[in-house]
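Participant: Residues per chain are reported as follows:
There are 2 protein chains.
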Amino acid sequence: MNMQGFSSTISTEPGLSRNNEFYFGLVLAISSTAFIGSSFVIKKIGLIRLNRRGALRAGSGGFGYLRDWIWWLGLITMGAGELANFAAYAFSPASLVTPLGALSVLVSAILASKYLNENLNLLGKLGCVLCILGSTVIVIHSPKEETVESLDVLMERLRTSGFVVYCVIIVSLSFVISFYLGPKYGDQNVLIYIALCSGIGSLTVVSCKGLGLALKQFFAGVEDSNGWLMYLFFITVVICIIIQMNYLNKALDLFDASVVTPVYYVFFTTLVIIASSIVFNEWSSLEGEDILGNLCGFLIVIIAIFMLNGFKDGLPPRHKSDENLRSDRYQGYQSILTRSI
Amino acid sequence: MNMQGFSSTISTEPGLSRNNEFYFGLVLAISSTAFIGSSFVIKKIGLIRLNRRGALRAGSGGFGYLRDWIWWLGLITMGAGELANFAAYAFSPASLVTPLGALSVLVSAILASKYLNENLNLLGKLGCVLCILGSTVIVIHSPKEETVESLDVLMERLRTSGFVVYCVIIVSLSFVISFYLGPKYGDQNVLIYIALCSGIGSLTVVSCKGLGLALKQFFAGVEDSNGWLMYLFFITVVICIIIQMNYLNKALDLFDASVVTPVYYVFFTTLVIIASSIVFNEWSSLEGEDILGNLCGFLIVIIAIFMLNGFKDGLPPRHKSDENLRSDRYQGYQSILTRSI
Numbered sequence: 004m005n006m007q008g009f010s011s012t013i014s015t016e017p018g019l020s021r022n023n024e025f026y027f028g029l030v031l032a033i034s035s036t037a038f039i040g041s042s043f044v045i046k047k048i049g050l051i052r053l054n055r056r057g058a059l060r061a062g063s064g065g066f067g068y069l070r071d072w073i074w075w076l077g078l079i080t081m082g083a084g085e086l087a088n089f090a091a092y093a094f095s096p097a098s099l100v101t102p103l104g105a106l107s108v109l110v111s112a113i114l115a116s117k118y119l120n121e122n123l124n125l126l127g128k129l130g131c132v133l134c135i136l137g138s139t140v141i142v143i144h145s146p147k148e149e150t151v152e153s154l155d156v157l158m159e160r161l162r163t164s165g166f167v168v169y170c171v172i173i174v175s176l177s178f179v180i181s182f183y184l185g186p187k188y189g190d191q192n193v194l195i196y197i198a199l200c201s202g203i204g205s206l207t208v209v210s211c212k213g214l215g216l217a218l219k220q221f222f223a224g225v226e227d228s229n230g231w232l233m234y235l236f237f238i239t240v241v242i243c244i245i246i247q248m249n250y251l252n253k254a255l256d257l258f259d260a261s262v263v264t265p266v267y268y269v270f271f272t273t274l275v276i277i278a279s280s281i282v283f284n285e286w287s288s289l290e291g292e293d294i295l296g297n298l299c300g301f302l303i304v305i306i307a308i309f310m311l312n313g314f315k316d317g318l319p320p321r322h323k324s325d326e327n328l329r330s331d332r333y334q335g336y337q338s339i340l341t342r343s344i
Numbered sequence: 004m005n006m007q008g009f010s011s012t013i014s015t016e017p018g019l020s021r022n023n024e025f026y027f028g029l030v031l032a033i034s035s036t037a038f039i040g041s042s043f044v045i046k047k048i049g050l051i052r053l054n055r056r057g058a059l060r061a062g063s064g065g066f067g068y069l070r071d072w073i074w075w076l077g078l079i080t081m082g083a084g085e086l087a088n089f090a091a092y093a094f095s096p097a098s099l100v101t102p103l104g105a106l107s108v109l110v111s112a113i114l115a116s117k118y119l120n121e122n123l124n125l126l127g128k129l130g131c132v133l134c135i136l137g138s139t140v141i142v143i144h145s146p147k148e149e150t151v152e153s154l155d156v157l158m159e160r161l162r163t164s165g166f167v168v169y170c171v172i173i174v175s176l177s178f179v180i181s182f183y184l185g186p187k188y189g190d191q192n193v194l195i196y197i198a199l200c201s202g203i204g205s206l207t208v209v210s211c212k213g214l215g216l217a218l219k220q221f222f223a224g225v226e227d228s229n230g231w232l233m234y235l236f237f238i239t240v241v242i243c244i245i246i247q248m249n250y251l252n253k254a255l256d257l258f259d260a261s262v263v264t265p266v267y268y269v270f271f272t273t274l275v276i277i278a279s280s281i282v283f284n285e286w287s288s289l290e291g292e293d294i295l296g297n298l299c300g301f302l303i304v305i306i307a308i309f310m311l312n313g314f315k316d317g318l319p320p321r322h323k324s325d326e327n328l329r330s331d332r333y334q335g336y337q338s339i340l341t342r343s344i
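Protein chains in written order, with this note's numbering: chain A, 4 to 344; chain B, 4 to 344.
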């Protein structure tokens with residue numbers, strides 16, 4: 004990434020070549036995971052401090068935290084992370100940005116063990132190393148350029164039967180889950196609500212990429228007959244995020260974060276890759292060995308996340324009702340939730 | 004690998020292109036790990052059967068095992084594996100064949116859990132998957148062709164100051180260890196004897212590759228003024244293997260196989276990569292991202308072997324004197340020892 008590319012950012016970037024865009028997006032994606040991962044720990048430090056002072060009581064309506072600079076620091080870090088993440092989607096393929104979300108789990112695990120004295124045992128440390136190695140393999144093999152360069156092209160892609168079928172499947176599945184499967188089996192099988200969150204999440208990412216493209220065109224002063232798509236994407240992003248958060252919280256109420264985090268990572272990333280390969284054709288330029296490499300990297304990261312989350316008590320994770328397991332859930336799920344925003 | 008390449012094998016291969024040679028060597032390397040990994044389990048099954056029948060007593064001079072077909076099957080499997088491994092070195096870069104040796108640990112772990120009821124817990128299974136994933140990443144990024152195509156060129160390379168210095172370092176280090184460091188600190192630090200085995204092992208591999216090249220030339224009827232190198236390589240291989248086995252057994256007498264196996268894998272593979280990159284220039288054609296990919300794959304396999312060996316009792320491995328640890332050592336060390344033959 005060169006400074007020229009940095010200073011032009013979204014607004015103009017006439018001199019930002021495709022290759023530079025990729026690395027610019029990569030740097031944004033990695034820094035967003037650092038911001039988001041650390042924001043959880045910062046916010047928790049703030050809350051612990053406030054609790055100790057007695058300034059914050061749940062339900063008592065206290066706003067003491069608003070006067071605490073650490074709480075604000077956490078909020079700002081989080082905001083910076085989300086912004087960087089959104090921008091990363093505008094510059095790099097979604098099948099690069101989404102899998103890298105795993106790094107925020109890593110960052111918060113490391114910082115929590117350092118500043119919150121949380122347990123990071125040998126397996127957790129191995130998980131951290133594997134997370135970095137798997138992410139590196141993904142970066143090496145990820146698609147380096149995209150085929151959709153304007154809203155006109157994007158509009159064409161959104162109308163292809165492939166994406167229409169995908170949307171219909173996701174939306175109908177979401178209705179089936181929220182009205183039938185969820186109430187009936189949602190508390191028995193972790194996959195039910197996770198499937199809904201991940202499906203909707205993949206639409207969030209597609210909309211985010213569309214919004215990013217629209218904003219890039221808008222700020223570059225490009226006239227486009229499909230300029231109205233910007234508003235459609237914005238509304239879609241907001242609606243999708245609300246649905247996602249709602250059902251992810253349901254899943255987390257029913258199951259331990261150590262189960263939800265890896266399962267959600269797998270489903271969310273897989274569906275984002277499918278959706279964005281339909282719309283943005285990201286994988287069309289990849290050779291067989293890059294696809295294989297991507298798959299390996301993805302599986303390695305899944306194992307890494309599992310090791311980071313699943314062995315805190317030296318046992319494989321079970322249903323939440325298993326009282327042997329602690330539920331310090333903040334560590335993983337939020338960081339993964341926010342990858343979709 | 005095509006059948007044409009298969010039928011021509013070592014003898015003639017005029018039609019075996021460089022790319023085909025690579026895949027032929029890859030298939031040989033993978034099948035050798037399958038043979039070697041299963042040979043340990045087969046031999047152990049045979050020995051258990053014989054022990055049960057009372058036909059074999061240590062030190063009593065019984066040759067009952069010679070009449071047992073399972074014991075013979077184990078021996079033949081082992082021989083086939085070693086032959087395939089040697090041939091793999093003749094066709095593929097050493098920095099591909101050596102790291103893949105990890106797969107034999109995987110094969111014997113899986114077969115032992117299936118046929119010998121040995122414990123393969125969740126971490127062991129994750130280690131198996133990681134071993135395959137890491138090996139795949141190594142294969143994707145490994146050098147695809149070699150620069151040394153004749154004994155004349157090899158002779159030049161062996162005379163370069165780089166390799167002469169490497170040999171002097173390894174041989175002097177070996178003397179220092181066997182006469183001074185070994186007797187004094189060998190029982191306190193696992194690295195001492197492992198360093199000796201690995202250093203000598205890297206010379207074994209270089210000699211193996213040289214011998215393979217000499218044999219290929221010999222069978223192809225190529226006249227070469229350096230034909231005498233074949234005998235030199237053969238003698239070197241035999242001497243190096245004897246030294247290696249001797250000191251590896253010493254290390255295994257002093258430390259648990261769950262410590263020796265991963266440490267030996269790391270040292271042996273690293274030194275083979277260094278030695279063969281000096282002599283065979285294997286890495287010269289690689290780009291930065293292939294080197295990074297190789298490194299990632301190698302580190303992933305190291306973690307995988309550690310997980311396969313280190314958590315059999317749910318604890319990280321300690322010095323052998325720690326009585327909490329079992330020492331079912333057969334599983335790993337032999338398979339790694341034999342990778343050098």
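It is worth saying that the hints were derived from the structure and are not from the lab. Do not take every clue at face value.
Calculated cross-link-like contacts (lysine-lysine; reagent style DSSO-like; alpha-carbon spacing at most 27 Å) [stated by the list, open to error]:
no.	chain 1	residue 1	chain 2	residue 2
1	B	253	B	187
2	B	128	B	117
3	A	128	A	187
4	A	147	B	128
5	A	147	A	219
6	B	187	A	128
Quick caveat, the model's predicted, so the values are computed rather than measured.
Participant: Please go over all the hints and tell whether each is borne out by the structure.
Facilitator: Structure-based check of all given hints:
{"no.": "1", "hint": "B/253 with B/187", "in the structure": "14 Å, holds"}
{"no.": "2", "hint": "B/128 with B/117", "in the structure": "12 Å, holds"}
{"no.": "3", "hint": "A/128 with A/187", "in the structure": "39 Å, violated"}
{"no.": "4", "hint": "A/147 with B/128", "in the structure": "34 Å, violated"}
{"no.": "5", "hint": "A/147 with A/219", "in the structure": "19 Å, holds"}
{"no.": "6", "hint": "B/187 with A/128", "in the structure": "34 Å, violated"}
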